[in-house]
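Chemist: Next come the chains, spelled out residue by residue.
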Amino acid sequence: MSGKVGNQTIAITRKVIIRNRACIVSKKEKAGPLGEFFDQVEDEKFEEETWEKAESKFMKSTYSKLVTSCNITDQDVDCILSGDLLNQCMATGFALKHTGRPIIGLYGACSTMAESTAIGALLVDGGGFNNVVCMTSSHYCSAEKQFRGPLELGTQRAPTSQWTVTGSGGIILSSEGDGPVITNVTLGKILDFNIADSNNMGAAMAPSAASTIITHLKDTGRVPDYYDLIVTGDLGIYGRQLCEKIMQEEGVHFTQNRYKDCGELIFDPLVQDTHAGGSGCGCSAVVLTGYLLDMMQKKQINRLLFVATGALMSPTSVKQGVPILGVAHAIAIENV
Amino acid sequence: MSNSNLELNKLTNEKYKKMVEKASPASPFIKNIINAFIFGGLFCILAQIFNDMITQFSIMRGGEPLTVDAASGYTTIFMVALGAILTMFNVYDKIGKYAGAGSIVPITGFANSIVSPAMEFKSEGHILGVGVQMFVVAGPVLVFGTSAAILLGIVYYIIGLM
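Line by line, the protein sequences give chains A and B.
Position 108 of the first sequence, counted from 1, bears residue number 108 in the working numbering, the numbering being contiguous throughout.
Position 120 of the second sequence, counted from 1, bears residue number 120 in the working numbering, the numbering being contiguous throughout.
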């Protein structure tokens, strides 16, 4: 029987299998270092009139891909867990309205992929659900429009600013099928270290990532080297350095190259002009579903701790100058 | 400390602030001001060339030469149109990436700040999108610019009475 372990972790004893995975990205992500792992590439507009509709289409197409490539029908999906960055999760609503399946809308900023997977794993573990779709999306243009400024406005970006990934990624969790299994989930709490600079979200989220990783290790009694790879969400280049430093100071040390960050992996900052790296819900979603789970499938890694991080801010909170809150959720994925 | 995080017991807000400052690279200050100087200067040269040309043109046509005020007016219209057109063709943001304040401060930048939200929010319709959002960036300049002008006018008037 599954149960709570330590302070924030739930150990999952029933087999919760990542039965299928899918992702779609835009050309910019395809041109990045992980390009070969993304099999479907679409134009940023995706033949739609608005950026918001385009983002929805990324998610809608990812969902279709997930279900059809798994040889199941919509009716086999017991529940969809999804969210995005747009106000009131607009992209999710319009993307999934046609499915006719129950939906739980989530908001965890860029941590949504881990948030949805954590809840999905618990639902399958509980025994009531068999196929649960966990997914998310983000779009560079719709995110810029909502959180920053018009695309054509001629301003400079800060070196610590990040580039929102255009894309959508998702998985199907099930009690049957083949694939890696989810063994533990550690749900994160909100941390506030008084960082109010929206051009430095990595710094706002780094303590949350460190806190969740340390808690996870403490709760499960594991050492960092238990995992072949620990991957944080979208801290970017400088956020990852901060996270690593915080953990070192707290006495948690990694073996070289065992700790990576999705935001740092997805783009090449020198060639692609992405400054501190990728961000957005889609960032950790497509890196997980395209790259990390591919490595697990090929047995290049067998134990993965996936820690998606979210900067909880809104256009209003930024204007009011209140701090950006950080949150991070961890999912332990293992080949058994 | 505001966070109840037992696992990060060595981290305080003050300490973290210093860590962030150390870890985050600052904007390339010197490079930015040199670029702003060059690009800002180029916009001014362009405006001056137009100003001289239009004055010359009025003389060539054989009529009265344009007054300085009229020539400035035409030049302003030309620069605003140039900024708007460059924005329309997705060029101005690319200039702005290198030029920084060099392309924000000239009046072409003012045109960019109005045309870019108009383009962006066209998807919300002509009234609720373009109409409402058009001055979302330039609004403060207009509000405080006109307010300052009125205030200064009053001061000027009072001084004149004395």
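Check before you lean on any hint, since a few could be wrong.
Below are the DSBU-like pairs computed for lysine-lysine, each with C-alpha atoms no more than 35 Å apart in a straight line [claimed, not checked]: (1) A:27 <-> B:10; (2) B:10 <-> A:245; (3) B:18 <-> A:245; (4) A:260 <-> B:97; (5) A:27 <-> B:22; (6) A:4 <-> A:30; (7) A:189 <-> B:122; (8) B:122 <-> A:65; (9) A:27 <-> B:15; (10) A:189 <-> B:22; (11) B:22 <-> A:45.
I should point out that these hints are in silico values taken from the structure, not numbers from a laboratory.
Keep in mind the model is a prediction, meaning the values are calculated, not measured.
Chemist: Hint by hint, note whether the structure agrees.
Modeler: How the hints compare with the structure:
1. A:27 <-> B:10: violated (43 Å)
2. B:10 <-> A:245: Holds. Residue 10 (chain B) to residue 245 (chain A) sits at ~12 Å (cutoff 35 Å).
3. B:18 <-> A:245: holds (13 Å)
4. A:260 <-> B:97: Given pair residue 260 (chain A), residue 97 (chain B) holds - Cα atoms ~29 Å apart, limit 35 Å.
5. A:27 <-> B:22: Holds, at about 34 Å.
6. A:4 <-> A:30: violated (40 Å)
7. A:189 <-> B:122: violated (39 Å)
8. B:122 <-> A:65: holds (32 Å)
9. A:27 <-> B:15: Roughly 40 Å between the alpha carbons, so the hint for residue 27 (chain A) and residue 15 (chain B) is violated.
10. A:189 <-> B:22: holds (26 Å)
11. B:22 <-> A:45: violated (39 Å)
Comparing the model with each earlier hint shows violations of hints 1, 6, 7, 9, 11; every other hint is respected.
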